Amino acid sequence: MKLHAYGTPAHATTTVLGRISTSPVTASERPDTILVGSLLGPQTLQGYAGALTTQILDRVAASTLPCPVIFAIPSLDHLADGDVVAITPQGYVRTLYRRQSPHNTLFATDRCNSYCLMCSQPPKNIDDAGRIAEHLRLIDLIHQDTTELGITGGEPTLLKDDLLRIIAHAKDRLPRTSLHLLSNGRLFYYARFAQRLSAIQHHNLMIGIPLYSDLDTVHDYVVQAKGSYEETIVGLHNLARYDVPVELRVVLHQLTVPRLAKIAEFIYRNLPFARHVALMGLEMTGFTLPNKELLWADPWDYQTALEEATTYLIERGMHVSIYNHQLCTIPRSMWPYARKSISDWKNEYLPVCSTCTVRDACGGFFTSGITRRYSKHINSITADQFATPTDAKGLAAT
Amino acid sequence: MTRFQSPDHYAHASDSYQILPFRFLRWEDGDVLLVNMVGEYEFINSTQFHEFATHKLEPSTPEFENFKAKHFLADSVSTLPLQLLATKYRTKMSFLEGFTKLHLFVVTLRCDHSCPYCQVSRVTEERGKFDMSTATADRAIDLMFHSPSEALKVEFQGGEPLLNFDLVTYIVERTEQRNATEQREIEFVIATNLSPLTEKMLAYCKEHNISLSTSLDGPAFLHDHNRPRRGGNSYEHTIMQLQHARAVLGHDRVSALMTTTSQSLQYPREIIDTYVQHGFTSIFLRPISPYGFAVRTNMAFQYAATQFLTFYRTGLAYLIELNRRGTPILEVYTQLLLRKILTPFPTGYVDLQSPAGTGISVVAYNYDGNVYASDEARMLAEMRDTTFCLGNLHELTYDELFGGDTIRALVRASCLQTLPGCTDCAYLPYCGADPIFHWTTQGDPIGHRPTSAFCTKNMGIFNYLFTLLKQADPYTVRLFTSWATEQPAPSVQ
Chain P
0 MKLHAYGTPA HATTTVLGRI STSPVTASER PDTILVGSLL GPQTLQGYAG ALTTQILDRV
60 AASTLPCPVI FAIPSLDHLA DGDVVAITPQ GYVRTLYRRQ SPHNTLFATD RCNSYCLMCS
120 QPPKNIDDAG RIAEHLRLID LIHQDTTELG ITGGEPTLLK DDLLRIIAHA KDRLPRTSLH
180 LLSNGRLFYY ARFAQRLSAI QHHNLMIGIP LYSDLDTVHD YVVQAKGSYE ETIVGLHNLA
240 RYDVPVELRV VLHQLTVPRL AKIAEFIYRN LPFARHVALM GLEMTGFTLP NKELLWADPW
300 DYQTALEEAT TYLIERGMHV SIYNHQLCTI PRSMWPYARK SISDWKNEYL PVCSTCTVRD
360 ACGGFFTSGI TRRYSKHINS ITADQFATPT DAKGLAAT
Chain S
0 MTRFQSPDHY AHASDSYQIL PFRFLRWEDG DVLLVNMVGE YEFINSTQFH EFATHKLEPS
60 TPEFENFKAK HFLADSVSTL PLQLLATKYR TKMSFLEGFT KLHLFVVTLR CDHSCPYCQV
120 SRVTEERGKF DMSTATADRA IDLMFHSPSE ALKVEFQGGE PLLNFDLVTY IVERTEQRNA
180 TEQREIEFVI ATNLSPLTEK MLAYCKEHNI SLSTSLDGPA FLHDHNRPRR GGNSYEHTIM
240 QLQHARAVLG HDRVSALMTT TSQSLQYPRE IIDTYVQHGF TSIFLRPISP YGFAVRTNMA
300 FQYAATQFLT FYRTGLAYLI ELNRRGTPIL EVYTQLLLRK ILTPFPTGYV DLQSPAGTGI
360 SVVAYNYDGN VYASDEARML AEMRDTTFCL GNLHELTYDE LFGGDTIRAL VRASCLQTLP
420 GCTDCAYLPY CGADPIFHWT TQGDPIGHRP TSAFCTKNMG IFNYLFTLLK QADPYTVRLF
480 TSWATEQPAP SVQ
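Protein sequence lines correspond, in order, to chains P and S. Counting in numbering that gives the first Met the number 0, the final residue of the first sequence is number 397, and the numbers go up one at a time with none missing. Counting in numbering that gives the first Met the number 0, the final residue of the second sequence is number 492, and the numbers go up one at a time with none missing.
These aren't lab readings, by the way, just hints derived from the structure by calculation. Treat the hints with care, as some may be off.
Simulated crosslink set (BS3-like; lysine-lysine; CA at most 27 Å straight-line) [as the list claims (entries may be wrong)]:
hint: 1; chain 1: S; residue 1: Lys456; chain 2: S; residue 2: Lys205
hint: 2; chain 1: S; residue 1: Lys55; chain 2: P; residue 2: Lys225
hint: 3; chain 1: P; residue 1: Lys225; chain 2: S; residue 2: Lys87
If you want the footprint, here are the derived chain S segments under chain P, 3+ residues with CB under 8 Å [stated by the list, open to error]:
hint: 4; segment: 7 to 19
hint: 5; segment: 67 to 75
hint: 6; segment: 78 to 87
hint: 7; segment: 470 to 481
Just a sample of chain P residues kept apart from chain S, beta carbon distances all over 10 Å, derived [stated by the list, open to error]:
hint: 8; residue: Glu28
hint: 9; residue: Gly36
hint: 10; residue: Leu116
hint: 11; residue: Glu133
hint: 12; residue: Asp139
hint: 13; residue: Glu229
hint: 14; residue: His236
hint: 15; residue: Tyr241
hint: 16; residue: Arg258
hint: 17; residue: Lys261
hint: 18; residue: Thr303
hint: 19; residue: Gly316
Predicted model, so just to flag it, every value in this text is computed and none were measured. Virtual Cβ for every residue (Gly too), placed ideally from N, Cα, C.
Bound conformation, chain P alone (with noise of 0.2 Å):
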């Protein structure tokens, strides 16, 4: 999936947000768009926020035009009415938002208070307090009946107000789309944020927040802070205090697996208020990389560990899903709960799963997972060795 176009900029000074059009709209509605399409006399362009092109314009020309211009882009296909995209100086185009898709995040920050392990999306320590306007633009531009949006980082939190005021003009701005934002919890370990984000009161938030033990030491030790087993288990219990649902998020790997129906027993007992939990599979990318000999685990080998946690919180009444597993590397029974997890731009299949008759239902794989590292026992599934009336009601309720 295709996030990035470059071309050449004109008349562009500042980086410019906007919502993808690919026939001109109404006067009123201009500030908001980017055009995009062959250009175009320079009546057409009066008003937009911006107009990207494929086609070679003159340099002199283009500089003359009403709006930022970014042009000679080799290819505009990924774009789709309704995207939403930032356009730099330098000619970049962003993708901030696809329209069609149901996997849309909101990039908060790239700092983090934590350095896990087998982080997916290694923090960077760039002072982005810059970019809160583009965050609360793009909302602006965001469709109103997008489902869900996600915001996700780095660790969000650091944000601090901001976040409440990145949250709080979501709350107004898109009435209908709940909001997942993906935090490691540690600042709610201050009562007062917790509460602050309570009082917003938005209509469908949920924080996931993982949890790697029940013992603070391997928590500290996979997060790589001390201290951060303390600060997540008491800003979880914050959070539940003033209210606002959270969802736990266990990766699975060499260090979660060994106790993982202990932490099981543990959420159960200490956290009991949460709305799911997730359990993941561990993502070949970011830091995993220099630490896959310490994490890597094959599916197949932690079965039963797997089979044991979730049907535990099963049985009393806990959500739980089964994230980045393929179907033939988890037990039957755990089909109901393995969900398509992996985002539509990241997942993709072996040749062995093209004769499989529950790849449809299957998340497949991360693109980074296929390449680098994946279970040995990944198989193709025969039509007989599903065809029984458990595994189709279970599949039918993924």
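Since chain P is already given, all that's left is putting chain S on it; use the hints.
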């Protein structure tokens, strides 16, 4: 990229640990059952127990890690384990929130049955003498709304409350009117033998969302023996009325309770079969109470707690077997205990809590305006012992009734944490106190545990449940979990 730190960097500097509050019980096979202050438990062998208790448990062992995760020990200066224990303790004790929730209205003592184990009823035609007046009802409703509880349960008791149905409707409607401004969650239930139930009454119950709770003691020969009615056929009549009431109100709006008499002891299976046969998915195997006629007729002391335990164990084993064969039915008392043992949540069961529910969770307004700390307290009063009468509602204020010496003495005598024989009992987090039972049977609200039938019964049940949990038959554990968490029963194997 910054270098990653090794696990040692995150380990605690010292191998020493603090032991957090726990209680224990040595098991027959040499193992030790440890229970922490919020009811999480662990079985370990005696060697490990000795190591743990003498601070010699190795940090690298799974036992150490499990004990740490369950807050039996803490190995750092962090206060987090204590904070988590405090939060879990608060959750377990949250049944105290809201104060008195269950309000019993004894609208009449008259009854058409003459059950020998009955605590209170009078078979009499004389109206008025044993009926509650509207003035008393008004004042009782006032007192009920004085309770700060968000949820209030109104239970009509007797005698047979349906014999004074006019007063039932009066109380229901006055409560509803009052609640238009109060906005509490109100639940109505009538404890009835169903015999005087008419179409009109049923229609009224349906309209006002009132549920019924009746008595069913087992098969006809047992039920008729335990619960004689003029003209006989008590069982037949009960079943007929039960089916009719269900048809009008809905299957789940009519529940049943059974009382175990000495005659019942031989028939746990037959009693359970009767409940299954009539479509019940739960049964409460209840021992007889030592109050009222039950004492006078000497029924309460006809069998020992140990005999009841045999009855209970046989019944529970049979219930597990029935479930395994595809008939879902649970035992209510077991479910309550398992909820305490297997979940982080409290129960709303007022008869097994610490401090006892008497007065602070439940109160009984008697027909004559006397207010009692519980149903048992007013039964005791019918035996001319008014120790647990909080006073008369026409004479005292809410504060005098609910903040008076009697209720304070009851609370003082029923905090297990301070009671001899309870304070170091491993089952304390799951148990409760019954000061009225101990006053009645032992002449002291605290009582003497080694000779207490209450203690023998509960210890026996806990021992049996933990034996089953330790044996860990997969089906039984899953069934128990489903009872405790009120989730669907496990699929039959």
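Verification of the supplied hints:
no., hint, in the structure
1, S/Lys456 <-> S/Lys205, "38 Å, violated"
2, S/Lys55 <-> P/Lys225, "26 Å, holds"
3, P/Lys225 <-> S/Lys87, "25 Å, holds"
4, 7 to 19, "holds (count 4)"
5, 67 to 75, "holds (count 4)"
6, 78 to 87, "holds (count 5)"
7, 470 to 481, "holds (count 3)"
8, Glu28, "45 Å, holds"
9, Gly36, "43 Å, holds"
10, Leu116, "6 Å, violated"
11, Glu133, "27 Å, holds"
12, Asp139, "37 Å, holds"
13, Glu229, "5 Å, violated"
14, His236, "6 Å, violated"
15, Tyr241, "14 Å, holds"
16, Arg258, "7 Å, violated"
17, Lys261, "6 Å, violated"
18, Thr303, "14 Å, holds"
19, Gly316, "5 Å, violated"
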